[in-house]
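Colleague: The chain contents come next:
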Amino acid sequence: MPMKKTITEALIIVLITVLLSLAYCAVSPLGRILLKKGLRITTVSVTPGMLTKGRH
Amino acid sequence: MVRIVLGGLFLVSGIAKILDPIRFLFTLRAFRLLPGIFEPFLALFLPWLEVVLGLFILLGLFLRTCSLMLGCLNFLFMMAIVSVMLRGFEIDCGCFGLLADVLPLPDMADYRAVVRNLVLIGMCAYLYRSKGTFLSLDRLLINWRGGRESS
Numbered sequence: 001m002p003m004k005k006t007i008t009e010a011l012i013i014v015l016i017t018v019l020l021s022l023a024y025c026a027v028s029p030l031g032r033i034l035l036k037k038g039l040r041i042t043t044v045s046v047t048p049g050m051l052t053k054g055r056h
Numbered sequence: 001m002v003r004i005v006l007g008g009l010f011l012v013s014g015i016a017k018i019l020d021p022i023r024f025l026f027t028l029r030a031f032r033l034l035p036g037i038f039e040p041f042l043a044l045f046l047p048w049l050e051v052v053l054g055l056f057i058l059l060g061l062f063l064r065t066c067s068l069m070l071g072c073l074n075f076l077f078m079m080a081i082v083s084v085m086l087r088g089f090e091i092d093c094g095c096f097g098l099l100a101d102v103l104p105l106p107d108m109a110d111y112r113a114v115v116r117n118l119v120l121i122g123m124c125a126y127l128y129r130s131k132g133t134f135l136s137l138d139r140l141l142i143n144w145r146g147g148r149e150s151s
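Chains A and B are the protein sequences, given in the same order. Heads up: the first sequence begins at 1 in this note's numbering, then just goes up one per residue. Heads up: the second sequence begins at 1 in this note's numbering, then just goes up one per residue.
Keep in mind the hints are simulated off the structure, nothing from the lab. Incorrect hints may have been included.
Partner residues aside, some chain B positions facing chain A, computed with beta carbon under 10 Å [said to hold, decoys possible]:
hint, residue
1, 20
2, 47
3, 51
4, 58
5, 59
6, 61
Being a predicted model, the structure only gives us computed values, none of them experimental. Even for Gly, the Cβ is constructed at its ideal location relative to N, Cα and C.
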């Protein structure tokens with residue numbers, strides 16, 4: 001069935017993407033900063049410089 | 001040819017976004033489309049999705065599904081840009097990430113970005129409809145399955 005095949009392939013692609021994103025978070029400090037500090041900041045008035053390590 | 005252009009473009013722009021995820025987060029934030037809690041996850045997930053889809057299209061793996069997903073992704077990007085234009089914001093579209101600094105690429109969320117997305121959607125539609133599996137892993141898979149069933 002072509003529809004079933006498409007859904008299966010799409011799920012495989014999404015799964016690979018999620019695994020790669022998680023691996024990136026585990027390996028790269030930038031990924032961790034993105035999640036940890038990105039979640040904390042809720043306003044748009046923050047400058048990108050504040051997200052670099054060691055500033056706060 | 002279409003495979004190389006489309007796959008290469010998304011692979012390169014995805015890598016450019018992965019190299020500077022904080023910048024991409026701020027780009028997403030500037031669109032003001034999503035609740036703040038989702039933005040970091042999307043900033044992490046979307047570049048990798050572009051890389052995976054671009055790589056798979058280059059390799060010719062799951063070609064029809066990848067072109068369908070990439071077409072839908074481009075349609076969403078285009079809708080986001082149109083909404084930004086309608087609300088009167090003048091912001092970067094963030095399409096090329098770091099590359100926009102290095103190369104003179106048009107990176108504003110304006111009508112040119114909409115036209116670019118329309119062209120990309122057209123290329124995705126062409127790939128989805130084409131049966132060409134020249135130098136693709138899909139063909140290898142079909143041959144492998146055929147070989148297993150006949151033996």
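Colleague: Does the CB of residue 47 of chain B sit less than 10 Å away from some CB of chain A?
Modeller: holds (9 Å)
Colleague: Is the shortest C-beta separation between residue 58 of chain B and chain A less than 10 Å?
Modeller: violated (14 Å)
Colleague: Have a go at the residue 20 of chain B hint: is there a Cβ in chain A nearer than 10 Å to its own Cβ?
Modeller: holds (8 Å)
Colleague: Using the nearest Cβ pair, does residue 61 of chain B come within less than 10 Å of chain A?
Modeller: holds (9 Å)
Colleague: Would the hint on residue 51 of chain B be counted as holding, given a Cβ-Cβ threshold of 10 Å to chain A?
Modeller: Where the cut-off is 10 Å and the nearest Cβ of chain A is about 8 Å from residue 51 of chain B, the hint holds.
Colleague: Can residue 59 of chain B be said to touch chain A, with a Cβ gap under 10 Å?
Modeller: violated (12 Å)
Going through the hint list in order, the structure does not satisfy hints 4, 5.
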